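Protein chains: 2
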Amino acid sequence: MKDDKGLLIVLSGPAGVGKGTVCNALRNEDTDIEYSVSATTRQPRAGETHGINYFFKTKQEFEEMIENNKLLEWAKYVDNYYGTPLDYVEETIDKGKDIILEIEVQGAKKVKERYPDGVFIFLMPPSLAELRNRIVGRGTENEDLINKRMNVAREEIDMMESYDYVVENDEVEKAVERIKSIVTAEHCKKDRLIEKYKQLVEVE
Amino acid sequence: MKDDKGLLIVLSGPAGVGKGTVCNALRNEDTDIEYSVSATTRQPRAGETHGINYFFKTKQEFEEMIENNKLLEWAKYVDNYYGTPLDYVEETIDKGKDIILEIEVQGAKKVKERYPDGVFIFLMPPSLAELRNRIVGRGTENEDLINKRMNVAREEIDMMESYDYVVENDEVEKAVERIKSIVTAEHCKKDRLIEKYKQLVEVE
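Going down the list, the protein sequences come from chains A and B.
Just so you know, we're using the numbering used here here: the first sequence kicks off at 341 and counts up by one.
Just so you know, we're using the numbering used here here: the second sequence kicks off at 341 and counts up by one.
Derived by calculation from the structure, the hints in this document are not laboratory data.
It should be emphasised that the depicted structure is a prediction, and the values quoted were computed from it without experimental measurement.
Treat the hints with care, since some could be wrong.
Pairs involving identical chains hold if they fit within one copy or between any two copies, as the list cannot separate such chains.
As the list claims (entries may be wrong) - Computed cross-link-like contacts, SDA-like style, restricted to lysine to any residue with a CA-CA straight-line distance of at most 20 Å:
(1) K345 to G458
(2) K488 to E431
(3) K449 to D344
(4) K514 to D427
(5) K514 to T524
(6) K538 to G360
(7) K530 to D498
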């Protein structure tokens with residue numbers, strides 16, 4: 341059985357880890373998950389549709405959204421604003437549907453502050469998988485390269501701290517299966533279900 | 341990636357909920373999960389094999405296991421002992437393999453005391469699913485029957501409290517899929533993975 345509210349699922353990870361690829365692959369699967377549409381002030385490119393690729397906004401509209409606390413998170417890159425409209429996310433989860441946000445680490449941090457009940461998934465970069473293999477393995481690399489990798493790994497591990505799950509992106513299909521399993525498992529969590537049952541029993 | 345230790349998965353729920361059926365169906369699937377074999381002092385029945393269906397023990401052997409704290413839980417029914425040998429469970433998870441225990445609610449409680457890190461799954465009885473349907477639905481039943489069901493539901497909700505997950509057994513195949521998803525998700529939990537990464541980074 342499903343609990344009444346949908347889940348806010350946040351998929352993040354370091355730049356280049358393949359968030360977009362995994363998210364698109366998930367989108368092509370037959371799931372009930374909705375996808376958050378970002379708002380932006382940049383011009384639509386050929387083939388992009390308002391409400392599907394982005395919500396296209398004027399600078400003034402976007403700044404009003406910021407002002408009125410209507411964005412779950414936002415950032416400015418190269419004179420253009422990008423952000424996650426709160427209304428769409430809330431309407432979706434209120435309807436009992438799950439919604440996924442594919443987002444940079446900094447944005448995910450802001451979402452976590454605003455919405456700590458979300459399911460935060462960290463897509464694990466190959467550097468960490470390599471770290472494991474290298475430790476298990478041979479140790480034929482020079483010290484500089486090892487140190488460099490260890491520093492990157494340390495930063496990535498620090499990022500990981502505030503997430504609920506870590507999904508290795510070894511193969512896109514496997515990563516997608518893991519994310520789907522996490523969503524299923526989250527719907528089975530006792531803490532999400534028991535309050536509802538208690539209410540049903542109390543109500544009588 | 342998998343963490344080093346396997347998971348102890350405990351599948352329980354009220355009598356008659358279908359624990360055995362679900363566990364057997366899971367066993368027929370192609371998973372890496374091992375199954376705990378109980379010890380008992382009762383006589384083997386035709387077709388039962390030592391080490392597969394049960395570990396068959398004498399009364400004295402069993403009482404020595406109790407004495408030496410070698411059982412994760414045990415109970416006595418009609419002059420025979422039944423219990424879960426600790427060694428087999430620990431050897432399995434130490435090898436990095438998951439192991440599932442299908443067990444009565446009282447036994448699950450004891451396992452929880454001894455092994456709080458286990459993954460505790462409560463198989464939801466139809467009475468609770470019915471409760472939901474009835475609330476949503478029509479209300480054509482008499483008050484006595486409703487009260488009786490509400491009392492059963494209250495007891496079941498109380499049992500549920502100490503579990504991590506609640507899996508509805510609406511269809512065996514669906515219940516099996518949910519359990520498999522829970523196992524996959526548990527292996528992706530940040531808390532299970534991050535310590536290992538931290539150690540790898542510190543070790544250097």
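Now the hints, each set against the structure:
1. K345 to G458: Intra 11 Å, inter 27 Å, cutoff 20 Å: intra-copy only.
2. K488 to E431: neither (44 Å within a copy, 38 Å between copies)
3. K449 to D344: neither (26 Å within a copy, 29 Å between copies)
4. K514 to D427: Neither: 32 Å inside a chain and 33 Å across chains, both beyond 20 Å.
5. K514 to T524: both (15 Å within a copy, 11 Å between copies)
6. K538 to G360: Neither. Shortest intra-copy (40 Å) and inter-copy (27 Å) distances fail the 20 Å Cα cut-off.
7. K530 to D498: between (29 Å within a copy, 12 Å between copies)
Hints 2, 3, 4 and 6 from the earlier list are contradicted by this structure; the remaining hints agree with it.
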